[in-house]
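There are 2 protein chains.
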Amino acid sequence: MSSIIDVTLPHTSYNIVISPNTLEDVGNHLTSLQLGKKILVISNPEVFNHYGETVINSLNKAGFKVFYHLIPAGETYKTLESISQVYDVALKHRLERSSTLLALGGGVIGDMTGFAAATWLRGINFVQVPTSLLAMVDASMGGKTGVNHPQGKNLIGAFYQPRLVFIDPMVLKTLPIREFRAGMAEVIKYGVIWDQDLFQQLEAEKKLDSLENIDLEVMDKIITKSCQAKVDVVSQDEKEAGIRAILNYGHTIGHALESLTGYSQINHGEAVAIGMAVAGKIAVKLGMWQEGKTERQDNLIKKAALPSTFDNKLKSPEILDSLQLDKKVKAGKVRFILPTDIGQVEIRESISSEVITTVLEEIKIK
Amino acid sequence: MSSIIDVTLPHTSYNIVISPNTLEDVGNHLTSLQLGKKILVISNPEVFNHYGETVINSLNKAGFKVFYHLIPAGETYKTLESISQVYDVALKHRLERSSTLLALGGGVIGDMTGFAAATWLRGINFVQVPTSLLAMVDASMGGKTGVNHPQGKNLIGAFYQPRLVFIDPMVLKTLPIREFRAGMAEVIKYGVIWDQDLFQQLEAEKKLDSLENIDLEVMDKIITKSCQAKVDVVSQDEKEAGIRAILNYGHTIGHALESLTGYSQINHGEAVAIGMAVAGKIAVKLGMWQEGKTERQDNLIKKAALPSTFDNKLKSPEILDSLQLDKKVKAGKVRFILPTDIGQVEIRESISSEVITTVLEEIKIK
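Those protein sequence lines, which keep their order, are chains A and H.
Residue 357 in full-length UniProt numbering is what sits at position 357 of the first sequence, and the numbering runs on without skipping anything.
Residue 236 in full-length UniProt numbering is what sits at position 236 of the second sequence, and the numbering runs on without skipping anything.
One should not assume that every hint holds.
[Said to hold, decoys possible] Straight-line distance between alpha carbons at most 30 Å, and here's what the computed BS3-like set of lysine-lysine pairs gives:
id	chain 1	residue 1	chain 2	residue 2
1	H	K92	A	K153
2	H	K313	A	K38
3	H	K302	H	K313
4	H	K37	A	K153
[Claimed, not checked] Part of the chain A face toward chain H, derived, beta carbon under 7 Å:
id	residue
5	H11
6	T12
7	Y87
8	L91
9	K92
10	T119
11	Q151
12	I156
13	G157
14	F159
15	G242
16	A245
What the hints contain is simulated information worked out from the structure, not anything from laboratory work.
We put the beta carbon where it would ideally sit given N, CA and C, even for glycine.
So here's chain A without its partners, still in its complex pose:
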């Protein structure tokens, strides 16, 4: 029942193990990695309450000496200050270079744990046990780690690869439904940018809005295909020099919306869903793909109960201005990822403000 995806990068490689109902075996999966004895588990109180004991027992049984440190849930704690606390705990337990930080949680915990692992003693081992759909199909792979700057998301960070990503999809049963849907936005993204089969598999499901409404075997496949899509792209371009940018489909507008709404009104997945709707319509305007296809995409967004429009108190000029601060800006030009077919996108370097504004206005009045 379990799938293993090999991730081979120029100077490292690791496995993604997708194995339903086997969280209590996670320790066994670590024994072959030649890690040191000490593991520091980083989690948040909610996730730790559900799964902390299972994970810690499993690690103990596999012979590890386990410590843990909890960081309150939420993006507001994704700060250098939280990392500084992880350093203090790492020092207290005298972690060595061979020791391991294990992230048990969603994207925020994973990003922070990875950054702490990347920067403690100039890099110690890092293992991801993602517990949100977003983290499973996106944040836990690809090596992007980091924290927010008070004035911008993920501005502080490092590229750092995990030694293992261990996914038990059954932990999604305790995930708040809004977060489940947010993860589904990234799944839909992989269908649009990379995997036509995945897209069609999603079209075949009646609903994509909660774990209960999706057959469990289908869910495992969706996760596996999404991970594979991400790995395919990242393996070709670890440091985001070229093709990796396509993973930002929906994110250009998405990040701007998250930032302008103070990271509180809409979550990352919702922002990406709106961003995909915008990108789809820009592509139609530019004659790059067809109205019918953007409708198929927007139908999936609806089936996942995700938004494709946004609060019209936001003004288009504000959004355009916010795009300038994005890491993906190159010499002042705004880069967009635009679809050309189901399963295919192109990177366009300089989209005119006029086209962007027209589409933003269309979406608002919907």
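Got chain A; can you put chain H on it based on the hints?
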């Protein structure tokens, strides 16, 4: 007159340019690196007072848009807080992924600038213009970047390589003499661990205690040979998995002494000098090399006006305990780098406390 050392690592390469009296040309050396327009120079007030204008004029002339940020001199400012301030300045000037952080200063400035470059936007360009002998022959190469934790030196950091190291040995004329000598400790180290010719060249000089007492062409050669030694070792082992550890010759005891004296009484080079004297004597005790060779080493240390003994208020047990916190500890065993010949060392994993104590006591009563 200028030398260029090619540094070729598994996934990056860069040049070390050693070019006397050419600081005003540094901008030209950057034009071929395809850097973005923006450069943020990080320095300290003392160094910037001497060389800031020259460097900034040179960068402007080469077409760059230059900003600068000063951090007070000294190890006490080598903190996450200082890095956080660099982030704020980087944000203020909207540095992009193609932008560059340029370190103009000694090891502290270089380490911090490198760490900020490694972690801003998950990695931007980094250029080193070292102004201390220690930074020229050691800290500026090899990719070790980072800051101190309140309870330990360099515990927070990353491996991150510069795009260029530009060395003008003439800037050493404004270096405080005690710092010059500290750098000479690392030069002597390269002679012992790697380069017999360098060792003999140092033996041929009457004095090694100040720039005025050394012929300038010899000084250029000494710097070039030292850089080459470091590069030879680092190229074989970027991430300190094996042979790179030999660069820690003299550092095992050295770090303990620095830490126990609060990083204020003795500087890094002085600590390394004492550490080499200790390591030499341990090697003699173990029959690994000869009394005569340890004397030749200690003579160079004396010629550089560096210490080979230490304040006897420190107790050997304290020193032994302090060794346990070092990053180089593996599963509790203290690792020593010990010489077997001039230009040759071996890594020994578990040196007994008895031998260490005997030598520490010998050195103290000297």
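For this session: Return the numbers of the hints above that this structure violates; sort them in rising order.
Result: The structure breaks hints 2, 6, 9, 15, 16; every other hint is satisfied.
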